[in-house]
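Colleague: Here are the chains, one letter per residue:
2 protein chains.
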Amino acid sequence: MAATIRDVAKLSDVSVATVSRVINQISTVNPETQKRVKKAMEQLKYEPNLVAQGLASKKTQTIALILPNISNPFFSDIVRAVEDVAQSNGFTVILCNSDGLVSKEQSYIEVLRKKYIDGIVFASNTLRIEDIEQLKKDNISLVVLDYSSTMESCSIIRAKNREGARMAVSHLLEIGCKKIAHIYGPIGDQTAKNRLEGYEEMVHSFSWYSPTLLVPGHFTINGGFEATKMLLEKHPDVDGIFAGNDLMAVGVLKALHQMGKKIPEDLAVCGFDGIYLTEITQPELTTIAQPIYELGEKAAKILINKINGLLEEDNVYELDVTLIKRDSTIKAH
Amino acid sequence: MAATIRDVAKLSDVSVATVSRVINQISTVNPETQKRVKKAMEQLKYEPNLVAQGLASKKTQTIALILPNISNPFFSDIVRAVEDVAQSNGFTVILCNSDGLVSKEQSYIEVLRKKYIDGIVFASNTLRIEDIEQLKKDNISLVVLDYSSTMESCSIIRAKNREGARMAVSHLLEIGCKKIAHIYGPIGDQTAKNRLEGYEEMVHSFSWYSPTLLVPGHFTINGGFEATKMLLEKHPDVDGIFAGNDLMAVGVLKALHQMGKKIPEDLAVCGFDGIYLTEITQPELTTIAQPIYELGEKAAKILINKINGLLEEDNVYELDVTLIKRDSTIKAH
DNA sequence: ATGAAAGCGCTAACAG
DNA sequence: CTGTTAGCGCTTTCAT
Chain A
1 MAATIRDVAK LSDVSVATVS RVINQISTVN PETQKRVKKA MEQLKYEPNL
51 VAQGLASKKT QTIALILPNI SNPFFSDIVR AVEDVAQSNG FTVILCNSDG
101 LVSKEQSYIE VLRKKYIDGI VFASNTLRIE DIEQLKKDNI SLVVLDYSST
151 MESCSIIRAK NREGARMAVS HLLEIGCKKI AHIYGPIGDQ TAKNRLEGYE
201 EMVHSFSWYS PTLLVPGHFT INGGFEATKM LLEKHPDVDG IFAGNDLMAV
251 GVLKALHQMG KKIPEDLAVC GFDGIYLTEI TQPELTTIAQ PIYELGEKAA
301 KILINKINGL LEEDNVYELD VTLIKRDSTI KAH
Chain B
1 MAATIRDVAK LSDVSVATVS RVINQISTVN PETQKRVKKA MEQLKYEPNL
51 VAQGLASKKT QTIALILPNI SNPFFSDIVR AVEDVAQSNG FTVILCNSDG
101 LVSKEQSYIE VLRKKYIDGI VFASNTLRIE DIEQLKKDNI SLVVLDYSST
151 MESCSIIRAK NREGARMAVS HLLEIGCKKI AHIYGPIGDQ TAKNRLEGYE
201 EMVHSFSWYS PTLLVPGHFT INGGFEATKM LLEKHPDVDG IFAGNDLMAV
251 GVLKALHQMG KKIPEDLAVC GFDGIYLTEI TQPELTTIAQ PIYELGEKAA
301 KILINKINGL LEEDNVYELD VTLIKRDSTI KAH
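Protein sequence lines, in the order shown, are assigned to chains A and B. By full-length UniProt numbering, the letter at position 118 of the first sequence is numbered 118, and the numbering carries on one by one without gaps. By full-length UniProt numbering, the letter at position 304 of the second sequence is numbered 304, and the numbering carries on one by one without gaps.
No lab work stands behind these hints: they were computed from the structure. It cannot be assumed that every hint is accurate.
If several chains are the same, the list does not tell them apart, and a pair holds so long as it fits within one copy or across any two.
The calculated BS3-like cross-link candidates involving lysine-lysine, where the alpha carbons are at most 27 Å apart (straight line), are [claimed, not checked]:
no.: 1; residue 1: LYS39; residue 2: LYS137
no.: 2; residue 1: LYS58; residue 2: LYS229
no.: 3; residue 1: LYS10; residue 2: LYS137
no.: 4; residue 1: LYS301; residue 2: LYS104
no.: 5; residue 1: LYS59; residue 2: LYS104
no.: 6; residue 1: LYS114; residue 2: LYS306
no.: 7; residue 1: LYS39; residue 2: LYS10
no.: 8; residue 1: LYS114; residue 2: LYS45
no.: 9; residue 1: LYS298; residue 2: LYS38
no.: 10; residue 1: LYS325; residue 2: LYS261
no.: 11; residue 1: LYS193; residue 2: LYS178
Working from the sequences, and respecting the hints, build out all of it.
Modeller: Right under this line is the structure:
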């Protein structure tokens, strides 16, 4: 049906090798010949078969993005960024929801390998060292997003989590909070851990500090909701809450509303991430904003550079976060 | 490096054809032989090369999902559903953000074709008849989501938009609204149009009705915000607003808050879609919920059935919507 | 039930 | 600068 490289070769009276050369823009082709070949390609409406190219070259112009769950707005922004970069570089992206399950990730990685995928952006904290090694062996490039690890044998992009947490607490102190609690994310998640550590560093020397001011919220809205109820039962005098991410902060708000608390008068709330949800709550949420799109963008760019052989060493990139003050900590005027 | 079908053939002392047969579970293989081949595959840790399979069979076990923008929470739920179904059927999904631009869609379709993709779930209203025909010719299956068209030459999954709109208005009337406005989505978008029509059918015979109660909101939060300001300037006595989607309803809420209106006492608000955002606003939003996950799930299932040749005719599936009453229309006493 | 062999459409030495 | 040719790893007639 569709024209093949052979048809083009025949029509332009050259060998398939030469046609292949002009397809792949290999310089050593006579301009004259090139013109002839190009004309033939147009005439025949020739389009290279990407699958055949992939089989022969072991490069498929495809990358994968593995993340816990696309429904999380943080990740959907990441996806958008990665896809944009991929698209403008001639790459296609395969999306994989792992739900944070190692088993799911495992099986994804397996089929991705069988598909000759060129690289993976891994947006999850669950990646294991063995996997990294395996991918290296298979010549599949890897960039990890939002990953905290002491040993780095691959490129990592992340935001300054610990520093952000300190900024959050510092802000709450500044506006006059006398007892600040923290709702933290999943244990085992390094990002959650770093934010918790930032909080602890800021508060551990205060006389009011107690480890019972730490409550788990699982990085979900409902987790934040439940955590708040539990927290206020034990510490009715808390007047500031730093939630480890925005989703939990939303849950905090819901709980406080339900309990009839005034925000920020009775209690100030600060989240982390900077997803757009923080703008639609009432009051709007103060948050430590990560440059979400930039995180995804940078990850994709680095990955593609690696794939194209333009980048050798593995680096760790830490992007800055910024405090966005809103009504959940400061009453407008 | 990795074992190929030939290695397996050699080790199990059969031809590659036979190995291929056991890989593809073709029945005509002697159980004895089959066992031998399978043992060899295990020994060699053989894994079929999907790219090679694709080239030879023109089937890649890959589908694509084209949608306007993953950042829209409605679509991220759709993605999740499609990916889940694909995953559990051995398919991989390529994600494409079109921004609703025909040009982008066009270029995506082109590369998808070159990649021997098996099928496409198209979640957008911008698909053109020519494209449908072209895909058919290329033997690429197609299922369209949330698409309204009089002529159907492909399978379509959508919710009952017109009926949902009528339910929304009907509910607002029941709770006592005396003058109901509608904020509608992009003109040209059939879904937006159907919802608008549902509204009109319900209100056109009332004496208070006027076409100026219709305001455009572009299906965005900000659009809903601006529309509300405009609307209340012209019609300060409006006491009910039906927003064409939840995003706009959120914008409505923001605007009303800013104007100091009480909800639902001064003004009741109803959205459409049933995204989870409606649960985090204050007050929570009444909405006409579509079965979002089910929409995506059904689309993916039908697509895969088509690909596997289990489905012939093209049908239109209209899923039911449900009214979810919340505080934006009824004060929980 | 199984094997031989001809592709699928392209890339990449190697030779000239 | 260009052509020949041998794959890439698998599927699929067509025989047997």
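Colleague: Using 27 Å as the alpha carbon limit, work out where LYS114 and LYS306 are close: within a copy, between copies, both or neither.
Modeller: both (20 Å within a copy, 24 Å between copies)
Colleague: For LYS325 vs LYS261, is the C-alpha pair at or below 27 Å within one copy, between two copies, both, or neither?
Modeller: both (20 Å within a copy, 25 Å between copies)
Colleague: Have a look at LYS10 and LYS137 and pick one of within, between, both or neither, based on CA distance no larger than 27 Å.
Modeller: The answer is between: 26 Å across copies meets 27 Å, while 40 Å in one copy does not.
Colleague: At most 27 Å between CA atoms: does that hold for LYS39 and LYS10 within a copy, between copies, both, or neither?
Modeller: Within. Shortest intra-copy distance 12 Å satisfies the 27 Å Cα cut-off; inter-copy 46 Å does not.
Colleague: What label fits LYS39 with LYS137 when the C-alpha limit is 27 Å: within, between, both, or neither?
Modeller: between (41 Å within a copy, 25 Å between copies)
Colleague: Can you give me the call for LYS298 and LYS38, within, between, both or neither, at a CA distance of at most 27 Å?
Modeller: neither (35 Å within a copy, 44 Å between copies)
Colleague: Since the copies are identical, ignore which copy is meant and state whether LYS301 and LYS104 lie within 27 Å (CA to CA) inside a copy, between copies, both or neither.
Modeller: both (26 Å within a copy, 20 Å between copies)
Colleague: State whether the alpha carbon distance between LYS58 and LYS229 is at most 27 Å within one copy, between copies, both, or neither.
Modeller: So LYS58 and LYS229 fail the 27 Å test inside a copy (55 Å) and across (57 Å) alike.
Colleague: How would you label the pair LYS114, LYS45 (within, between, both, or neither) given a Cα cut-off of 27 Å?
Modeller: between (31 Å within a copy, 13 Å between copies)
Colleague: Treating 27 Å as the Cα threshold, decide for LYS193 and LYS178: within, between, both or neither.
Modeller: Classified as within; 24 Å inside a copy, 54 Å across copies.
Colleague: Have a look at LYS59 and LYS104 and pick one of within, between, both or neither, based on CA distance no larger than 27 Å.
Modeller: both (24 Å within a copy, 24 Å between copies)
Checked against the numbered hints listed earlier, the structure breaks hints 2 and 9; every other hint is satisfied.
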